[in-house]
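Asker: Residue numbers (the numbering used here), protein chains in the order written: chain A, 1 to 289; chain B, 290 to 546.
Check each hint, because a few of them may be wrong.
Unchecked claim - Just a few of them, taken from the derived set where beta-carbon distance is under 7 Å, the chain A residues facing chain B:
1) S195
2) G197
3) S199
4) S202
To be verified - Computed far set for chain B versus chain A, every beta-carbon distance over 10 Å:
5) G327
6) D410
7) F470
Please keep in mind that the hints were generated in silico from the structure rather than gathered at the bench. For every residue, glycine included, the Cβ atom is placed at its ideal position computed from N, Cα and C.
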Amino acid sequence: MTLSDTSAKASAHGEPAGGEASPGAADTRLQPVPFRGGGFRPVRVRFVGLLVFAVILVLWEAGSQSGVISNLVLPAPSEAFEAFRQLVETGQLWRHLGASLQRLIVGWTLGMSLGVAVGLMIGLFSLARAGLMPLVSALFPIPKIALLPLFVIWFGIGEGSKVATILFGSFFPTVIATSGGVDNVDRSLVRMGQSFGLSWWSIVRKIILPGAMPAILSGARISASIAIILLVAAEMIGAEYGVGAFILMAGSLFATDQLLAGVAILSAMGLIVGWLIGRAERWLLRWRS
Amino acid sequence: MDLLLRGVSHMYGDTQVLRDIDLAVGEGEIVCIIGPSGCGKSTLLRFIGGLERPDAGEVLLAGAPPAGSLNPLTYVFQDFALLPWRTVEGNVSLVLEDHGLSAAERRGIIDDVLARTSLSDFKTALPRQLSGGMKQRVAIARALSVRPAVMLMDEPLSALDSQTRELLMDDLVGLWQRERFTACYVTHNLAEAVRLGHKIVVLSRRPGRIREIVEIDRDLADRQQADAKLDAIQRDLWQLLRDEARAADRELADDTV
Ligand SMILES: Nc1ncnc2c1ncn2[C@@H]1O[C@H](COP(=O)(O)OP(=O)(O)O)[C@@H](O)[C@H]1O
Ligand SMILES: [Mg+2]
Numbered sequence: 001m002t003l004s005d006t007s008a009k010a011s012a013h014g015e016p017a018g019g020e021a022s023p024g025a026a027d028t029r030l031q032p033v034p035f036r037g038g039g040f041r042p043v044r045v046r047f048v049g050l051l052v053f054a055v056i057l058v059l060w061e062a063g064s065q066s067g068v069i070s071n072l073v074l075p076a077p078s079e080a081f082e083a084f085r086q087l088v089e090t091g092q093l094w095r096h097l098g099a100s101l102q103r104l105i106v107g108w109t110l111g112m113s114l115g116v117a118v119g120l121m122i123g124l125f126s127l128a129r130a131g132l133m134p135l136v137s138a139l140f141p142i143p144k145i146a147l148l149p150l151f152v153i154w155f156g157i158g159e160g161s162k163v164a165t166i167l168f169g170s171f172f173p174t175v176i177a178t179s180g181g182v183d184n185v186d187r188s189l190v191r192m193g194q195s196f197g198l199s200w201w202s203i204v205r206k207i208i209l210p211g212a213m214p215a216i217l218s219g220a221r222i223s224a225s226i227a228i229i230l231l232v233a234a235e236m237i238g239a240e241y242g243v244g245a246f247i248l249m250a251g252s253l254f255a256t257d258q259l260l261a262g263v264a265i266l267s268a269m270g271l272i273v274g275w276l277i278g279r280a281e282r283w284l285l286r287w288r289s
Numbered sequence: 290m291d292l293l294l295r296g297v298s299h300m301y302g303d304t305q306v307l308r309d310i311d312l313a314v315g316e317g318e319i320v321c322i323i324g325p326s327g328c329g330k331s332t333l334l335r336f337i338g339g340l341e342r343p344d345a346g347e348v349l350l351a352g353a354p355p356a357g358s359l360n361p362l363t364y365v366f367q368d369f370a371l372l373p374w375r376t377v378e379g380n381v382s383l384v385l386e387d388h389g390l391s392a393a394e395r396r397g398i399i400d401d402v403l404a405r406t407s408l409s410d411f412k413t414a415l416p417r418q419l420s421g422g423m424k425q426r427v428a429i430a431r432a433l434s435v436r437p438a439v440m441l442m443d444e445p446l447s448a449l450d451s452q453t454r455e456l457l458m459d460d461l462v463g464l465w466q467r468e469r470f471t472a473c474y475v476t477h478n479l480a481e482a483v484r485l486g487h488k489i490v491v492l493s494r495r496p497g498r499i500r501e502i503v504e505i506d507r508d509l510a511d512r513q514q515a516d517a518k519l520d521a522i523q524r525d526l527w528q529l530l531r532d533e534a535r536a537a538d539r540e541l542a543d544d545t546v
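The task is simple: from the sequences and hints, build the whole structure.
Answerer: Following this line, the structure appears as structure tokens:
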């Protein structure tokens, strides 16, 4: 039954191939199958980023030297570098950088720790979620720098208000990232933990927290950038030392070479923080492929 | 330790999932539970494991768990449920850490249980480096490490390809011969049930009721070769299930409309 079926089909198929009008039969040349599978797969290309930087700097320097770019409009990279060298030589760099880093590290670490704690609570307790999530949503979009005057009243004109600004700025994105990460932890793993009689605390520490770690770390990236932006803003509003204060001072004196040096320091700070978080990711998430 | 179910019934919202389940699982016995998908097999296993409570009826344990049992009712999951951030030994260690054992005792148990499941060479491997079959072996090793009185296995081989499934079935038979563990083994695969079950419980479609309990008295070790009697049992089971499965299949399709 099935045999005759297939043979009938085969002959039905064979018929048009034998016919004269068949387009496939006339052309017997061998051709490779066209390849269509390329692209859409980022690969790591080294040194191109550096090269782009170098080319821009060289063009810029050449433009300044030849007078195409007026010194009033934009100082040459060499001048900015000279300003930076002076900062190092006079020891001012460490003063400013030290003050900034201290604020950044204290504020961001506190904001991250509190954010992870509150995010875990929101992820774990329905009551905390119902009570705190609307609050977080209401406060997250407020630019924290707008609250700086309040923070000055509450925490003093000194370090307190600046640290508080950074703390609040990094707190909210961390809360949102962490609670989202907890929501995304595979429930079957939690079930497994319960079925083996693991304690609640063990489940949180050994299953929920590592499971939420990828989300927490990508939250850390975002909150670190926010922290740097707020750091500079807070220092511009009122600080004696700090990279932000230095840039503001340079700007008000129209010392554009110093201003550029300050901006370059900020950019380097951002790059280094990003690189550190990348290292932390690679180490903490080494279990991922 | 024996396991006893009496009059277990359950509703999820308005749909009755299980009705009047009476069942006894004796010590050293593998009881296979088969039935069409959606008939409440996993639900029944959750009741047995104490992860959920039935609306009516009771799940009872008779006798004391074996000496040194850390977790009398222990699951083996279909999706393995291994922590991807822990190595093979770390995954086994996880379920021992809450029991106040010293590090040396833990290490002893882990080494022993990995040796028994031929996993010693993979001790420091991460789950992502393992094949599906190896992952399930790790999950079985993890289950054995707490010396369960009853192993609750919810389609433990369903996520594996058929060749790996054969290998693991052989492993399970070998393991049972050495350790005589007690198990509730949920599957939808009749061949697995006939190969591993001392008793096969056939559930009807939703609401799941016991349609029949088939006992197979042939020793597990003698079930490898083609066997007319076992084939006949498997055919009978399929006769029983076929109409239920077809009806259940249509039911699900209706639900989604
Ligand atoms: N937590 C739940 N809430 C509501 N309905 C559920 C829940 N768990 C299972 N069900 C329903 O109960 C029925 C039985 O499910 P399940 O025990 O998983 O079946 P099986 O494992 O036999 O395929 C299904 O119709 C399923 O949709
Ligand atoms: Mg199921």
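Asker: Any of the earlier hints contradicted here, and which numbers?
Answerer: Result: no hint breaks.
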